[in-house]
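Could you slot chain B with the ligands onto chain A? The hints should help.
Chains as they are written, first to last, in the working numbering: chain A, 440 to 760; chain B, 849 to 1122.
Don't read these hints as lab results, they were simulated from the structure. Glycine is no exception: its CB is placed at the ideal position from the N, C-alpha and C atoms. Where hints are given, some of them may not hold.
What the simulated footprint calls covered on chain A by chain B, stretch by stretch (three residues with Cβ under 8 Å from a Cβ of chain B suffice, anywhere in the stretch; the number is not a length) [said to hold, decoys possible]: (1) 461–470; (2) 538–544; (3) 548–559; (4) 625–636.
Here's the letter readout for the chains.
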Amino acid sequence: MSKVLVVLETAGGQLRPHCLPGITAAKQIADARGQELHLLVLGADTGAAAEIAAAGYGAAGVHTITDPALEPFTAEAWADAVIHAVKTLAPSVVGGTASSTLRDCLPRAAAVLDAPLCAEVIAVKSGDTFTRPISAGRALLDEKVSGDLVFFTARGSEFEPAAAGAAAPVSAIEGASVATRGVEVVGIRKTESSRPALTEASVVVSGGRGMREGSNFKVLEDLTDLLGGALGASRAATDAGMVPADLQVGQTGKIVAPNLYIAVAISGAIQHLAGMKGSNTIVAINKDEEAPIFQVADYGLVAKWEEALPRFVELVKARVS
Amino acid sequence: MTKILVTVKRIPDPDENLKFTAGGLDLSSVKWVPNAFDEYAVETALRLADDVSNKKNRLAEIIVLSICPQKQRQHMTQFLAMGADRGVIVDADDSTLDTAAIAKIIAKVAEQEGVDMIITGKLSQDNEGNQVGQRVAGLLNWPQACFAAEIDWDREGNALAVSREVDEGVETKKIPLPGVVSVDLRVVLPTSVRNGVNPADHAFTDGPRLASLRGITMAKRKKVAIKTPADLGVTSSGGEATVAVNAPPARKAGQMVGSIEELVEKLATEAKVL
Ligand SMILES: Cc1cc2nc3c(=O)[nH]c(=O)nc-3n(C[C@H](O)[C@H](O)[C@H](O)COP(=O)(O)OP(=O)(O)OC[C@H]3O[C@@H](n4cnc5c(N)ncnc54)[C@H](O)[C@@H]3O)c2cc1C
Ligand SMILES: Nc1ncnc2c1ncn2[C@@H]1O[C@H](COP(=O)(O)O)[C@@H](O)[C@H]1O
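Chain A extracted, bound-state conformation (with noise of 0.2 Å):
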């Protein structure tokens, strides 16, 4: 029976939370091809896969290729056992949760197998049409991709987190021949914070240009923090120097859908509206009522930030206190 396959990403012996949402969509591609649901796991170790294949996920079979190579993640040797993996399993999809490292790995192997990816899936409506979205959001395809073999890649806003359910069994697959070219991961640079991680976090606050300088952002921190969510930003405030490049919401930053979005001197430019749009609540402060981000807000409020927010700061330490 054909499969559809998914790929992990684990960490310090266990899974990546944000990889749980695309097991979700495969899950609904499986169904809906009324194929099994595989899980590959990928490393140097690949000890994950015990704790993995206990939980299940839905899945008919959890496999591993364990090579030292896999780490530090190289596209190249990714995508090696990728290929490798589809040729001993042969699956009818192969996908995962769109994060950097599937975004990266995926559409290499999809070349060299000569197989369509569907990228930014949001919604499955069949077992080969997928929606994604196109021009930063302003419209939603409807992609049908087909052939003995297609990709995706799942937008982790868009599924749940799929839940934990029967065991299943194990499988070890061997003689992957996983070459990383040459290439050498010198280090990676990571922004340490304390607060939730943007894309995971129920409440993101974010600010704009209107911020003006990076010191403004600490009245913005500290309702952050009141409400137990992450710091975003817009690109212009990021390419500002005034926050970390890695807090940029949009098109080109994270694509983030928490409970509560709050935006704070953001004029509301299609490709920040891009990767926030599908937020629960949105609130926007702004100092012109004619800010396209009102078009898309639940609340708006037409004020300076330097007025409302530090009084917005005392009413929710009112509250939560």
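Relative to the frame of chain A, chain B with the ligands by itself:
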């Protein structure tokens, strides 16, 4: 001399409203503009090639490649005016080609030209695939450095050190050449691209450069080769098909509030998010 191939796409002006037809998009009257990420890609190539102390000393030849109808090549002219050396047009309506075919065409031209480096945009702003660069690297079996924010060209070592924007932060990856780079926004910040010849702290003007008047005149004299997908032996497999294009569901209309007190009250009692 080092050869850099830069891929460039034309897209419908993202600042114009989309026109929806029954289940599709009407592109008949759109204004075509260059994909912003491809402007960044051309600027990156120019910064790699520039010797800022000696304009005559170019460190690389820059070839721009676009798959588009031959008659709609204003974007190509713009890139030649910015300073790219010559162009290749593969004459086809790219909206009728699969992504797989676009990548095969690019890989084929790269082989024919014998290039050392391919620079693509990370994303086409209309299609939003974020996959062409990765595909080309796979087809050529070359290393890849995608979502590049900073590039150091090690000419002696024939390699690039690329800082790439990943979910957890910024990763630095060294790739031997030939290789493929896809560029993200921040590659056009003033000090993001270094070629070992210019002082390490040399600051370029922020963003892609504008074409000079001289550049515009020169562009008319630059060579643009015209090919077809058939010349390159590439056909589209039909693995991707558009079933429908729809407007996203509108958000339910929001409300304006008069004060921060009212806002907090409503967030607490109406939206129940506080
Ligand atoms: C290819 C491409 C990709 C892009 N990707 C992204 C992306 O991922 N994310 C993103 O955000 N942008 C992106 N952009 C940029 C986007 O087009 C806008 O330029 C950017 O979002 C604007 O940021 P902003 O709203 O902070 O600034 P502006 O548009 O300058 O707006 C500032 C706002 O602040 C308000 N303001 C000023 N002072 C005050 C005050 N004292 N109190 C209250 N309000 C005040 C003003 O009224 C104004 O509305 C992209 C652009 C391109 C071309
Ligand atoms: N028709 C085309 N002609 C030339 N380059 C293209 C074309 N389509 C895509 N590209 C390149 O591939 C990059 C990524 O596109 P995509 O994968 O569609 O998001 C773009 O930024 C371009 O550099």
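Here is how each hint holds up against the structure:
With 0 residues having a beta carbon nearer than 8 Å to a beta carbon of chain B, the region 461–470 of chain A misses the requirement of three or more and the stated coverage is violated. Using a Cβ-Cβ cut-off of 8 Å, 6 residues of the region 538–544 of chain A lie near chain B, which meets the minimum of three, so the contact claim holds. Residues of the region 548–559 of chain A lying with their CB closer than 8 Å to a CB of chain B number 11, which satisfies the three-residue condition for coverage. As drawn, the region 625–636 of chain A meets chain B at 6 residues by the rule of a beta-carbon pair under 8 Å; at three or more, the given contact holds.
Hint compliance for this structure: hint 1 is the single one not met.
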